[in-house]
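Visitor: Okay, here's what each chain looks like letter by letter:
Number of protein chains: 2
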Amino acid sequence: MRGILYGIGVGPGDPELMTLKAARILRACDVVAAPQSAGNDKTAMAIAAGFVEGKPVLYLDMPMTRDKAQMDQSHDAAAGRICQLLDEGKTVAFLTLGDPSIYSTYWYVHKRVLARGYDAQLVPGVPSFCAAAAAANTALVEGSEMLHIIPASHDSTDEGLSLPGAKVLMKAGRSILQVRDKLRAQGKLNQAVLVERATMDGQRVVRDLDALDDPTGYFSIILVKEGQR
Amino acid sequence: MRGILYGIGVGPGDPELMTLKAARILRACDVVAAPQSAGNDKTAMAIAAGFVEGKPVLYLDMPMTRDKAQMDQSHDAAAGRICQLLDEGKTVAFLTLGDPSIYSTYWYVHKRVLARGYDAQLVPGVPSFCAAAAAANTALVEGSEMLHIIPASHDSTDEGLSLPGAKVLMKAGRSILQVRDKLRAQGKLNQAVLVERATMDGQRVVRDLDALDDPTGYFSIILVKEGQR
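Taken in order, these protein sequences are the chains called A and B.
Mapping the first sequence onto numbering that gives the first Met the number 0, position 65 (from 1) lands on 64, and the numbers just tick up by one.
Mapping the second sequence onto numbering that gives the first Met the number 0, position 88 (from 1) lands on 87, and the numbers just tick up by one.
Next up, chain A with everything else stripped away, as it sits in the complex (with noise of 0.2 Å):
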């Protein structure tokens, strides 16, 4: 009988924050499979390390690039190696950050698994925004709002930041002092907080934008909400 793959959402950063569905499904799958990537540093399997221990795991080439030919080259290669397993009876537990289904490289593989007629399945996780709301202790969203989540790294930073509604601004990695500057053009420094790492060792909530001096990494989020903070 042909296996299962499960893409499992590990969370935000926090072993703790993983579903008890992600670690039943780890502590029984047959092989762990994780992107590796420069930009992504094993950060997904560092979080999951307590509960495969042992197992059999596939490192996949998941370069972060916009290249869209050599993104498909990576994707099919990591379909195709999966599918092998599947094939032999194996159970794979595909490791991702946050929530598989936003903004994860792993869903590029999942729609090709299914494609080719197996079965794959995600688990939800919790998102880097809602853990970057909890360590700035804050909502993200009330009442009648509406939230926006806004790749800031792209150039539709502009556009979502004049929407009405809260805000969250992923992924600005090195161009966050260009997104701050935006927010204070347009009026918005004392509606933000910046969490930078949330949940993981080295976490940082900066309240006073005005302040930062460093462009901080890949792991940062800008939190912005109508009406003062």
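No lab work stands behind these hints: they were computed from the structure.
Each statement offered as a hint is correct.
Here are the simulated DSSO-like pairs of lysine-lysine, each with C-alpha atoms no more than 30 Å apart in a straight line:
#1 B:K41 x B:K54
#2 B:K89 x B:K41
#3 A:K41 x A:K54
#4 B:K187 x A:K170
#5 A:K41 x A:K170
#6 A:K67 x A:K170
#7 A:K187 x B:K67
#8 B:K54 x B:K110
#9 A:K110 x A:K170
#10 B:K170 x B:K110
#11 B:K67 x B:K41
#12 B:K110 x B:K67
#13 A:K67 x B:K187
#14 A:K187 x B:K170
#15 A:K110 x B:K181
#16 B:K54 x B:K89
#17 B:K110 x A:K187
#18 B:K89 x B:K110
#19 A:K110 x A:K54
#20 B:K187 x A:K110
#21 B:K110 x A:K170
#22 A:K110 x B:K170
#23 A:K41 x A:K67
#24 B:K110 x A:K181
#25 A:K170 x B:K170
The hints should help you fit chain B onto chain A, whose structure is shown.
Guide: Coordinates of chain B only, in the frame set by chain A:
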């Protein structure tokens, strides 16, 4: 010593989608607090039941109303009763569906307890829309798209539906057929999938919204993704 209040996101419905942290705090806490209202139907307590057996439970009236004075009164009263327990040195775990930072009624209690100088912490959970995506076996959002979370029971639905990017329509409740009609009018019906009671008993995924003729319940979510599904 004063106790601590934890706002526990118990996730979307399946008790296995609670985090390990939520399970640990629920097992360790002195008192469990849970909202009680006509609409809510003690759902959060049903999810957590297996972890809090034998614990004292404080049910708090949280009427589902848009009357500001009535809401303020119930939130003040809830905060007052919780602070009494914290003064007695009790640890209180307040159950909230999904994640406590996203449209949670609990937040109004949390901020009051904080304002009175007590220690209150948020424990993030899996939001219902992540569970809906997993149930429909689809991504919510990819690449450089924005993701808009829209409370569809309010008047901003038309505006929200016109935004570029992926959308999650929440809390449509009995107006779900009107929301469907708006999607049809905007030519977006083939981009939409409805998930009812994601990960709960009676889960249903409706991919042909044209075929929907019975108003679904409070726990219905419509996912809209650009391009055809």
